[in-house]
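Counting from 1, one number per residue, gives the positions in the sequence shown under the UniProt record's numbering.
This list has only true hints and no planted wrong ones.
Taking lysine-lysine and the DSS-like style, the derived pairs with C-alpha atoms no more than 25 Å apart in a straight line are: (1) K4 to K43; (2) K200 to K103; (3) K103 to K62; (4) K196 to K102; (5) K58 to K101; (6) K103 to K61; (7) K214 to K103; (8) K2 to K43; (9) K102 to K61; (10) K214 to K102; (11) K196 to K98; (12) K154 to K200; (13) K2 to K62.
Hints listed in this document are in silico derivations from the structure and should not be mistaken for laboratory results.
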Amino acid sequence: MKYKLEWNYKLKGKEEISVSSDWIDGELAILLGEDIEMSGKSKELIYYDETGTSWTLKEMKKLLTEIEEEPHDIIVFFDGGYNNTNQQSGLGAVVYYKQGKKKFRIRANEVFHELESNNEAEYAAMYFAVGLLEELGIGRMTCEFKGDAQGVLKQIAGEWPCYEETLSNWLDKIEEKIEALRIHATFTPIPRNDNKEAHKLAAQSLEGKRIHSKMQLL
1 MKYKLEWNYK LKGKEEISVS SDWIDGELAI LLGEDIEMSG KSKELIYYDE
51 TGTSWTLKEM KKLLTEIEEE PHDIIVFFDG GYNNTNQQSG LGAVVYYKQG
101 KKKFRIRANE VFHELESNNE AEYAAMYFAV GLLEELGIGR MTCEFKGDAQ
151 GVLKQIAGEW PCYEETLSNW LDKIEEKIEA LRIHATFTPI PRNDNKEAHK
201 LAAQSLEGKR IHSKMQLL
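Using the sequences and the hints given, assemble the complete structure.
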């Protein structure tokens, strides 16, 4: 989750000036807020998160203490593949997150037999990725979804229309699960070369290699 600070700054002999920061990480936001308050020249310092919720400095410190024990700073990669010969679909997803002072990575894949195209497999892969977040018990957090399926990400973000009923049904399922988890989701299309990990997992599932692993990262 990113946070923005807004405050009024008092210049000597001048009227107060309204000032705001960029969107920054929670720990940096706390340090900045403390520094601003120590200057003695600020008034009405307020924090805002990406959902629009506001916090005082005291409330922010308490919030970050609670968040520290939950999975946070979550980035999700997903990819889907399709084998025309046997009409099987391979789904791959990678979840990076922090918990406490540690960083973790979850890698998982799955095979679907009921899909009809590579395009549909991309939607199923994103749904599969959201399901991994549900398994982790993640809720009320900001999650960034990354993939090379630009159509899926643009449509789920509401930027592009979806005219195919089958794909629209997948979008509805994805949106419902995200809303149920109360996730603040952001969507970032990336080049295929930047999505190699999820792509490999999808391909491995089509080769019969089932993977579901969790690793602590340095």
